[in-house]
Amino acid sequence: MQHDAQMNALFAHVDGVAEDGHLRRLSAAFARFIASLDEQAPDAPAVAVACVVLSELEGRGHSCLMLADLAGEPSQLLGWSEELWHGVLAVSGPLPDSAAGWRALLARAPQVWLVGAADVRQPLVLDGDRLYLRRYWRDETLVGEKIALRAQDLNTPPLAQVRQWLDILFDQPTRDGGPDWQKVACAVALRGKVAIITGGPGTGKTYTVASLLTLLFAVSPQPEQLRIALAAPTGKAAARLKQSIDKALEGLAAKAGDALPLLELARRMGAARTLHSLLGARPDTRAFAHHAGNPLEVDVLIVDEASMVHLEMMASVLDALPSTAILILLGDKDQLASVEAGAVLGDLCHDAQAGGYTADTIAYAQAASGVAIPPAFAGAAGALAQQTVMLRHSHRFSGPIGELALAVNGGRPDLAKACFAGDSGGQLAWSVTAQPDEVLRLALRGRSDAPGGYQPYLELVNAGEEGYAQHDDWVRAVLHAFEAFRILCAVREGEWGVAGLNTAIELRLEKEGLIRRSEWYVGRPVMVTRNDYGTGVFNGDIGLTLRDPARPGSLRVYFLEGENVRSVLATRLRHVETAFAMTVHKSQGSEFRHTVLVLPQEGGAMLARELVYTGITRARDFFTLVSPTQAVLFDAILRRTQRASGLRGLIG
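Just so you know, we're using the UniProt record's numbering here: the sequence shown kicks off at 1 and counts up by one.
Since the hints were made in silico from the structure, they are not lab data.
Among these hints, one or two may not hold up.
Claimed, not checked - Derived DEER-like restraints, expressed as beta-carbon distance ranges: (1) Ala90 with Gly513: 34 to 44 Å; (2) Ala499 with Arg227: 39 to 49 Å; (3) Ala259 with Arg286: 24 to 34 Å; (4) Leu89 with Gln601: 26 to 36 Å; (5) Ala499 with Gln225: 33 to 43 Å; (6) Glu145 with Gln642: 31 to 41 Å; (7) Leu415 with Arg286: 21 to 31 Å; (8) Pro451 with Leu89: 48 to 58 Å; (9) Asn155 with Gln353: 43 to 53 Å; (10) Ala469 with Arg516: 27 to 37 Å.
Glycine is no exception: its CB is placed at the ideal position from the N, C-alpha and C atoms.
Put together the whole structure using the sequences plus the hints.
Next comes the structure, spelled out in structure tokens:
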């Protein structure tokens, strides 16, 4: 009876913590479910506490719970005060104070499978000093094992032919006189079944891949039969990938000349697709049509914006990819990780800046590309590091925006502040204000020294189609005008978040006579929040609501895919939200001429340098920061996102 009273008191307290908003209700419910499988065990209170923390961390992007963190003070990981954590301890009773103690306790719990012991499909998995929900352990193990096998599956391409073509494709020396890392990346990718090409904005990742595609066609005995698939996590990122590659291939075709019908071969690739579409997503299920038993019919798979790919999706991709196919992952390892659990790209190439190339890799790169990798990048890193190349020279971010991004990424708040103070050209601006009114002013007309705001596109909307040859030409102009400016938020809720600012911006625009608010109104920008295969729109797609010229009184939402315009009746879109302001997470894969980043009054664990860096690098020409205090920015720059994972250990 005393044990039952203790468990009841523990769950009553946990429910209260959830009620106060410090914990997901799901975490409390999950812990209660696990405890119900063995309620009378003496260790049940401790197991329940571990489950609360594990579930909560999974909801914050971690794939597992490190027992050392559980034995210490997990309050920082949870974003709790020490008092809040000690309140849980007061009702749970004593807990182990070491990783070894937790390991011994969990290993004897019937709800936990200890890796290596008899498996009876317990919901929790204990692997070393890491506690997992089973499905995340399964996904992480699959990704680690398959990537490791691919990294070790090397071949020797025809070096003379590779060198000849790389010299044709990269016929100009680098501006700084250093190694041509793009050329090295192409050579490295050609010798294995996996390659990772990482680098910041403007470093030429998609141009490098276009060059790699040219090289693959050139050295293939039957290039017309080479099956190449392009994919990205979102529809917008997929469209940008195809658009960028097509543009690069036009220039490369001139270099290839008559020796290779490059554009004809490239047309066979087809459009870039979302990963969901590529794998054959099925409505109302997490399962895909393509898997190990029904693999993808591809020889080369290129995945852009790989930092956005969460653990479960990466596992699904690798499960469906034939062992003979080449996987190329593109992305910026320093950007925000996926919203869901895992930081896969960051784990796979966490030390890419160091190189760590073996003598064999350096010799191969020299023979295949003619590039001498400097001794500073030599080392003895694992097999995957030999198939990873970091592009280091940004062709786009050489000015104040690039310097600010580097300062943030380097964890230097002093340099970041100096970037704002030292920019005399108006590319950067920092407004420190306790009220979000400044955001509304920016939302209307931008800054006096930086074009932007939503007034320009709404004036185009209200002026109508006069002067445009075709309806689609007008729609395209309106969409481009809207895409030139965006407000990004670090959080969803509150007056500094997406929800509060979208409402405030709508009210301001209505006051100015630019919109007439209703559930659906002309000029309303919307973001799709759920994949909808019936209408062909996907999570993250952004469109504008305009009148339907064929049906007076009806509204359609128009989307831009490259330069192609497509539309869906507004009434058919059930899962959308207004998108004057959007989260930084949702902005990945996008670029805006003028980007405004709004930081909240309180930082917390979710506001870290990766988020600020990602927000900055969405800006092409102008960046404006709005924050209630300077300290919020400085604290974010000093805080790194650390997601618990065992993936690095699996790939070596």
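Hints versus structure:
1. Ala90 with Gly513: 34 to 44 Å: violated (58 Å)
2. Ala499 with Arg227: 39 to 49 Å: holds (44 Å)
3. Ala259 with Arg286: 24 to 34 Å: Violated, since Ala259 and Arg286 (Cβ atoms, about 46 Å apart) do not stay within the stated range.
4. Leu89 with Gln601: 26 to 36 Å: holds (30 Å)
5. Ala499 with Gln225: 33 to 43 Å: violated (51 Å)
6. Glu145 with Gln642: 31 to 41 Å: violated (24 Å)
7. Leu415 with Arg286: 21 to 31 Å: violated (44 Å)
8. Pro451 with Leu89: 48 to 58 Å: holds (55 Å)
9. Asn155 with Gln353: 43 to 53 Å: violated (27 Å)
10. Ala469 with Arg516: 27 to 37 Å: Cβ of Ala469 to Cβ of Arg516: about 28 Å, so the range 27 to 37 Å holds.
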